[in-house]
Amino acid sequence: MEKEVKMTLLHGWHVDRGANMAQFGEYDMPLWYPTGTKSEHLSVLTNAGIFDTSHMAVVIVEGSDSLDLLSHCFSKNLDACIGKQQNPLTLGKSVYGVFLNDAGDVIDDAIVFQIDEALHMLVVNAGMGGAISAQLLANVDRRSVNIADLTDRVGKLDVQGPLAAKILIKVLKNPEAVFDKLPYFSFKGHFDSNSSAAETVLLDDDTPILLSRTGYTGEFGFEIFVEPDQFTRTWDTFIEAGEEFGLMACGLAARDSLRAGAVLPLSHQDIGPWPFLSNPWPFALAYNADYSGFTKQFIGSEALLKTDYCEYTLPFAGYDLRKVSINDPAIVTDDAGNQIGKVLTCATDMAIGRHKDRIYSIVSPDKPENFNPRGLCCGFVKTTVRLSRGQTVTLSDNRRKIKVEIVNDIRPNRTARLALSRFLN
Amino acid sequence: MKEIDELNLPDNLRYAKDHEWTRLEGDKVKIGIDDYAQDQLGDIVFVELPEVGATFAKGEEFGTVESVKAVSELFMPVGGEILAINTALEETPEHVNNSPYEDGWMIEIKPSDVAEMDALMDKEAYIKMLKG
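Residue numbers (the working numbering), protein chains in the order written: chain A, 572 to 996; chain B, 324 to 455.
In short, the hints are calculated from the structure, not lab data.
Careful: at least some of the hints might be erroneous.
List time: in silico BS3-like cross-link candidates among lysine-lysine, alpha-carbon distance up to 25 Å [unchecked claim]:
| # | chain 1 | residue 1 | chain 2 | residue 2 |
| --- | --- | --- | --- | --- |
| 1 | B | 392 | A | 913 |
| 2 | B | 392 | A | 953 |
| 3 | A | 759 | A | 744 |
| 4 | B | 392 | A | 972 |
| 5 | B | 446 | A | 577 |
| 6 | B | 325 | B | 433 |
With beta-carbon atoms standing in for the labels, derived distance ranges [as the list claims (entries may be wrong)]:
| # | chain 1 | residue 1 | chain 2 | residue 2 | range |
| --- | --- | --- | --- | --- | --- |
| 7 | B | 415 | A | 811 | 29 to 35 Å |
| 8 | A | 746 | B | 446 | 51 to 57 Å |
| 9 | A | 854 | B | 393 | 55 to 61 Å |
| 10 | B | 393 | A | 811 | 54 to 60 Å |
| 11 | B | 393 | A | 709 | 51 to 57 Å |
| 12 | A | 860 | B | 422 | 55 to 61 Å |
| 13 | B | 448 | A | 881 | 54 to 60 Å |
| 14 | A | 583 | B | 415 | 32 to 38 Å |
| 15 | A | 956 | B | 404 | 44 to 50 Å |
| 16 | B | 396 | A | 961 | 31 to 37 Å |
| 17 | A | 811 | B | 446 | 54 to 60 Å |
Just so you know, these numbers come straight off a predicted model, no measurement behind them.
The beta-carbon is built from N, C-alpha and C at its ideal position, and this holds for glycine as well.
All chains, full assembly: derive it from the sequences and hints.
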């Protein structure tokens, strides 16, 4: 039986603005607005974009054994995951990782937020709240912990781009205090008004929010969590405050092209039911210093160490903006014409172009004069042979063949990790 | 997404089920994609057109149009020989979004049988088809 299509609280807003809607996961979501994907994509590099991401699921893990349960189920070592020193996850910090099954395959990727010593918030993908809650529940054993799947019970919006902080200054009650010590992958406040942390970050109208220095674009910005009954009002507040800064509502198409250029995986497309190995995201695992093993045991860790799986997931960048369709499906061939893999993601990052032997973005400080790129296709391939940076392969679907280059990185000069203070002047 | 009654569908064109438009100009026919197609596709970033002099039968693929969402085939609404292509689309494919019937035209052909135009839909029939 077909599942009913879900809508976020902003569905009416999207439709009223003339968005091109399509089903993503279980949700009817905006792909783009009449402004068009290209303008939306570029706005996140030059100004700011706002995304309705309340289709994503929040799971709360609470109780004295919360950390212990997550240590067992989640791929990062929460006792040693912050910074170069590998410090423990502390209050106000978050960390990216994956939930694996016993075979080492990906159930979903997630960000774990430490809200309190015995309280963690997990943000997982649309429709995955149930599966991740079930995985945690199945592994509780004698641990003292409560798991609550808050799917559709938390509003979430992302404001991403260099002017995001200036927009927040306009809507926050106490921006200076909030912005003090708020590096990448940290957060403040809570959307739950019963939490003592709810006082920390308030909008001008006293709405409590959880404000996080994270996102899915590779650019500077924030993810904002808010109670559902204040969500549409909060969205309107940001839209209004952002007007003078060129804030643009962005759909899922721009979200996809931005994340592809930022070398971020899409769960169930770039990572999924195969071992989480030999990919551009080893930082999602609790590896030891020389990558010979893990600093802890977790579900799937043993399988990853023992498996003879040998496929390689690699980022690529093309030479122009033409794409292949992964639905055809699209295959990867080497120079001799042998099929060596398939294409996982192929999108066009419309803010980048090649000049001589380099890729520049429209915001690269050293970009060539009169640089006006039309974009490059980019994404991920999964191959049965190990390829190195600079090698070229051919991607083909039913329609065309395109030559692409295996790369380590795609869109240069991304801003996600830069200090917040750089965006205040 | 535009509602059907918001679409710009000029009266003087004939429409194909694959959303190409045709306009008879003397003994030549100009062809492009209509407002419905460009709205559904979203930002058009690349248009692949045939060589001048090539000949295609009605229904044959003559090129592709690539949007941020997908790559779609372009089909001949009437058969004929390619007399001219809109080379401006190489640099400014967004003409197809902004001006589908003027700056965004794609090919000009010498129809092999101008009577094939009769099988295409007028605006009224086309709207009826879109409404399903």
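* Of the hints given before, which are not true for this structure? -> 5, 6, 9, 10, 11 and 17
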